[in-house]
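Once you've looked at the hints, dock chain B against the given chain A.
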Amino acid sequence: MNLTLKIWRQKDASSKGQMVDYKVTEISEHMSFLEMMDVLNEQLINNGEEPVAFDHDCREGICGMCSMYINGEAHGPDRGVTTCQLHMRMFKDGDTITIEPFRAAAFPVIKDLVVDRSSFDRIQHAGGYISVNTSGNTQDANATPISKHAADEAMDAATCIGCGACVATCKNSSAMLFVGAKVSQYALLPQGQVEAADRVKNMVAQMDLEGFGNCTNTGACEVECPKGISLDNIARMNRELMKAQLE
Amino acid sequence: MSGFFKSSIGRKVAMALSAFFLMFFLLQHFAINILSVFSPETFNEASHFMGTFWVIQYVMQPVLIFGVVFHFIMGFILEIKNKKARGAAYAKNNGAANSSWFSRNMIYSGLAILAFMALHFIDFWIPEINIKYVGGDMTGLINPDDATSGFRYYEELVHKFHDPLRVIAYVIAFVFLALHLMHGFTSAFQSVGATSGRKKVLQNIGKAYSIIIPLGFIFIAIYHHLTH
Numbered sequence: 001m002n003l004t005l006k007i008w009r010q011k012d013a014s015s016k017g018q019m020v021d022y023k024v025t026e027i028s029e030h031m032s033f034l035e036m037m038d039v040l041n042e043q044l045i046n047n048g049e050e051p052v053a054f055d056h057d058c059r060e061g062i063c064g065m066c067s068m069y070i071n072g073e074a075h076g077p078d079r080g081v082t083t084c085q086l087h088m089r090m091f092k093d094g095d096t097i098t099i100e101p102f103r104a105a106a107f108p109v110i111k112d113l114v115v116d117r118s119s120f121d122r123i124q125h126a127g128g129y130i131s132v133n134t135s136g137n138t139q140d141a142n143a144t145p146i147s148k149h150a151a152d153e154a155m156d157a158a159t160c161i162g163c164g165a166c167v168a169t170c171k172n173s174s175a176m177l178f179v180g181a182k183v184s185q186y187a188l189l190p191q192g193q194v195e196a197a198d199r200v201k202n203m204v205a206q207m208d209l210e211g212f213g214n215c216t217n218t219g220a221c222e223v224e225c226p227k228g229i230s231l232d233n234i235a236r237m238n239r240e241l242m243k244a245q246l247e
Numbered sequence: 001m002s003g004f005f006k007s008s009i010g011r012k013v014a015m016a017l018s019a020f021f022l023m024f025f026l027l028q029h030f031a032i033n034i035l036s037v038f039s040p041e042t043f044n045e046a047s048h049f050m051g052t053f054w055v056i057q058y059v060m061q062p063v064l065i066f067g068v069v070f071h072f073i074m075g076f077i078l079e080i081k082n083k084k085a086r087g088a089a090y091a092k093n094n095g096a097a098n099s100s101w102f103s104r105n106m107i108y109s110g111l112a113i114l115a116f117m118a119l120h121f122i123d124f125w126i127p128e129i130n131i132k133y134v135g136g137d138m139t140g141l142i143n144p145d146d147a148t149s150g151f152r153y154y155e156e157l158v159h160k161f162h163d164p165l166r167v168i169a170y171v172i173a174f175v176f177l178a179l180h181l182m183h184g185f186t187s188a189f190q191s192v193g194a195t196s197g198r199k200k201v202l203q204n205i206g207k208a209y210s211i212i213i214p215l216g217f218i219f220i221a222i223y224h225h226l227t228h
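If you're matching them up, the sequences are chains A and B in order.
Counted from 1, the first sequence has number 182 at position 182 by my numbering; the numbering is strictly sequential.
Counted from 1, the second sequence has number 15 at position 15 by my numbering; the numbering is strictly sequential.
Hints should not be assumed to be uniformly reliable.
What the hints assert, rightly or not - Not close to chain B: a few residues of chain A, all C-beta gaps over 10 Å, as computed: (1) Glu35; (2) Pro108; (3) Asp140.
To be verified - Footprint (simulated), chain A over chain B, 3 or more residues, beta carbon under 8 Å: (4) 9 to 15; (5) 87 to 95; (6) 99 to 108; (7) 175 to 188.
Said to hold, decoys possible - Using 20 Å as the maximum straight-line C-alpha spacing, the simulated PhoX-like pairs for lysine-lysine come out as follows: (8) B/Lys160 <-> A/Lys171; (9) A/Lys201 <-> B/Lys6; (10) A/Lys201 <-> A/Lys243; (11) B/Lys84 <-> A/Lys16; (12) B/Lys84 <-> A/Lys171.
Treat the hints as calculated values from the structure; they're not laboratory data.
Glycine included, every Cβ here is placed at the ideal spot set by N, Cα and C.
Just chain A, same shape as in the assembly (with noise of 0.2 Å):
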């Protein structure tokens, strides 16, 4: 397939970017995007041009890497799926793609297509985990009873890559759906249960030091992130965050 593509081009963080059009053939449509993105560069190296930047790692859906906004949609039309994953059998011959970053204050763009999610990183540091010694003497994890309902729950939020979709989606560039399943993966755990409080808080102290907006529960994170993170986890930090206030 022929296809038109109009991609922001930035030079790097503190250039003026804007929205250039180029031209690819002969797509197959068992491409994956990315694929197609590398047949567009191949193209620009060959006619001595800048290549587009953009992120990608495993180019299995598991890294959270890849992180295009396409024809308005993070990671493409299609869901459950990252951009590496997205086929190009989503679209038509003839079609024009608008490629864009992810948009927000708080994911600055470092080059093209690439944004700096490091934000991410600062609020994992201020909670995201729990305090265990395990220098050689950790226990057994089953040694700890865990009901099947409160693990798959935990395991759910675990899956969430970290991809950003969540911010590029809501209209208010909000971070809960991601902070939220990162405090869920840990406050259904017992072993989660001691940090709670200070995890809850300081991780959405942080989260509103990095700039992010809001909630306001329109769902757009839910519908387009990758691993299908439920808005449940808003809501439990919503109510970690209340009962971290009365301890």
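For chain B alone, kept in the frame of chain A given last:
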């Protein structure tokens, strides 16, 4: 605790608490207004009670005014803050792919409700305050010097709905209120963390509330316009 209400989640909770109060107020307002269709006498009695009972006048009324002002001001503050959090806008954004129009445009339905409230205050609240607290007439009678003249509330209500333009304004305002509630009802429960495990039930109650109540107010306006 003051730190909690300065946090993003604390502000959500505060918005939700004011929304709960306003939704309860709307329900009782509707319950009284609908009486005007079935029994003008009972409507007059209920209106007089609400307009003179000290708990309503001096406790609930200030709380209501605070709740309304707070909900609007905090709504605007959050909207401005959230706009700032986006930074640069997308060249192409397909919001309809993942969320409802009314959930994304609460600020606009809210502004329509604010405009209606200005009209409503001029129509009812300011004259009421004027009669009772400036004129000093707490009788609620059409003619305060004639005990047989009857209560004035029903007469005032039907008089307002003579004008078809006012009825049209009411209908438009209540359509916007319905859109606001369509998202706002469940959203308030989500903000206080009460949706887990009962989201579907709350969504259904929310849908019923946000359609029945505004539709009921529209019915009252049209009914009095057509029958008087």
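Now the hints, each set against the structure:
no.	hint	result
1	Glu35	22 Å, holds
2	Pro108	8 Å, violated
3	Asp140	31 Å, holds
4	9 to 15	holds (count 5)
5	87 to 95	holds (count 9)
6	99 to 108	holds (count 5)
7	175 to 188	holds (count 3)
8	B/Lys160 <-> A/Lys171	40 Å, violated
9	A/Lys201 <-> B/Lys6	12 Å, holds
10	A/Lys201 <-> A/Lys243	10 Å, holds
11	B/Lys84 <-> A/Lys16	18 Å, holds
12	B/Lys84 <-> A/Lys171	11 Å, holds
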